[in-house]
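Participant: Chains as they are written, first to last, in this note's numbering: chain A, 1 to 402; chain B, 1001 to 1239.
Hints listed in this document are in silico derivations from the structure and should not be mistaken for laboratory results.
Watch out, some of these pointers could steer you wrong.
Ranges of calculated distance between the beta carbons of each label pair, as one might list FRET restraints [claimed, not checked]:
(1) Ile1213/B with Ile13/A: 29 to 39 Å
(2) Leu1227/B with Lys383/A: 21 to 31 Å
(3) Ile1213/B with Arg182/A: 22 to 32 Å
By construction, the Cβ of each residue, glycine as well, lies at the ideal position given by its N, Cα and C atoms.
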Amino acid sequence: MVWELPVNIVLPIYFLAAIAGTTLIAKFSRNKTCRISNLRLYIQIFAVIAIFMGLIIGPFGQPRWAPLGISPRDRLLGADLLGNQLPDGITLPVLACYYPNGRTVTCPAWQLQAYIFPFWNYPRGYEVTYSTLGIEKIGIVIGSLIVASLLFGRAFCGWLCPFGLFQDTLSRLRRTLKWKHRSFSDETNKKLGQTRYIIIATFLILSVIFGSYYIFGTELIPGTIAGGPGGTEAGIVSSINEPYCLICPMRPLCSLIEAGIGSMNFSYISQIVYGPLGIIGGYYSSISLTVLIIVIILSLAYRRIWCRICAVGALTALFSTTWPFKKIALTKLQKDEQKCTKCGICKRACPTQATDMYTKKGGDVTDSKCILCTRCIEICPHKNALKITFAGKTITSSKETQ
Amino acid sequence: MLLYLLVCGALVFHCRVYSFALIALLVGLSLFSFLPAVEGQGTAFSTMDVFDIPAVNGSIRFSVNGSYTNAFLENDMWIFNNLTLSGSRFSGTLKFSAKNCDVTIHSFTPSRATSNSTYSSCSIRYTVESDAGEQVINLGGDPSRPSHYSEWTVFNQDSVFFGEGKTWKLLPDETVIVKGLSGRLTVMRYSYGSFVDDRAFYLRHSVSITTGIIVALTVTLATVIKLRSNKKAKTVGDA
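Chain A with its partners taken away, still in its complex shape (with noise of 0.2 Å):
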């Protein structure tokens, strides 16, 4: 469904909603050990609210597969802004997928794939033409998660990615149904935290492979020229030019929502392309599916299990918790280890496993798994042993418990 109300309407009620209820649960929430927990779930819903805010105000752009429904998908906020410099949206390192409809901003592990492909000289992409090389449109959207990461580190990943939120929302079903969660060992978190550094390299350098005509001029694999010189007939170019979107679980989530919710016409899913990596739907394909399949298994037993192999988590880490960016990341995790008494609570409230603020000594324990949720600090019983801290100023930080 398409509700098209008028944004003068629902962009200030969105907006006085979402302080009043923000300031209501931090002013008024009772249980201390979950009121940072209930205000994040808070700020989650409105932040995905606002990722899709263009299924509640509407269709802007032209209906682009109108037999398929009217598809309001062209509402970015980005688009608006800055013209068809880049008109695929603002970054915002989180997993808000490219695909779905109604989105307001674009996941930059999306954009980094598909601005390759136009690379040197030219400035078309996929049904849209630029004004602005790929490697420029590269350059700003690695700008723009560096300035996200050094503001607000993982802390998107924690409060306001969408998927981190189906995640959660996983998790709380688990505890409704009395399942206690199950842990890695500490070595293989450690292998899932470096996977996702090689998923990331792994997937870019294969949208370069893919897209080598048009960066080199010369093509590495047969049939990755879409609609060439002459208008070839494209093989398997069409469908993994952006080959991570093509594994990620967001897109098929995504999909089935918004076909389930009236906001995509079911075709989307049901038009089936066979391409080289299984059968690929409209949106989707074999692979994402059944990615999005273990994840949703595996999340009813592992807490925040797609957040240890993210892309997008590891960009934002590489960018706020490696060096030389660690040193000036504003957002840091930080621990008195005069207060710690290392009770370990912390480590096992974790839901990504981090372990720095347990096995540090003191000062910033900002571990590049840690979502920045904030978890340990409500748990923790020691008066200021955590604490997170934005620019040097304490946001919140651990309060003394019987």
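With chain A fixed as given, assemble chain B onto it according to the hints.
Facilitator: Relative to chain A, chain B alone:
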């Protein structure tokens, strides 16, 4: 940018006034809508309207509502001036002829090429409902700035891209003739190779310049804060 400067100001000066200003700005910004869709003017049409071309046994209809300032049949071709489809931001002139086929048009992006335009691209998506027939399409391209056939793409719902010369061809007046294809087709021009952007440098690269400035400001601000907190920690340590 104003939002960013306010955040920076709040950081540097730790001033509550900036926090309240931030909230007021957010609410205030929300009172302004984004660019509205182009309002259709002139004659409205619906999906029930059929534009017949009896002489060549063809018909055209649209799968969405829309409007045009005027439409007429000339030389077996329907000409829609200022055609705007529902939900679209764009309006322009479409010339379409369907010979021995029935066509439903789903979307239309007119050519926006002008002497000052930053890019010229156009597209149309339609379904050939009956036998393949022939479609003659002009999306308003400027014949004085002719495009090359390599700038154009014709593909169907299965993402099969059709070779120029086999099933479609481009005429010197920017008209595309599609023949022998059925199903849902997209005809699109990408401004391939003839792209000319003669705006000033800072306009052409305004987004990257702005991004660069914001990155530099953020790194500078973060470094200043880091140095200040190091100095403060050292002062406390010495004390």
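Participant: The structure should be examined with respect to each hint, and the outcome stated for every one.
Facilitator: Right, here's what the structure says about each hint:
no.: 1; hint: Ile1213/B with Ile13/A: 29 to 39 Å; in the structure: holds (34 Å)
no.: 2; hint: Leu1227/B with Lys383/A: 21 to 31 Å; in the structure: holds (29 Å)
no.: 3; hint: Ile1213/B with Arg182/A: 22 to 32 Å; in the structure: violated (47 Å)
Checked against the numbered hints given earlier, this structure breaks only hint 3.
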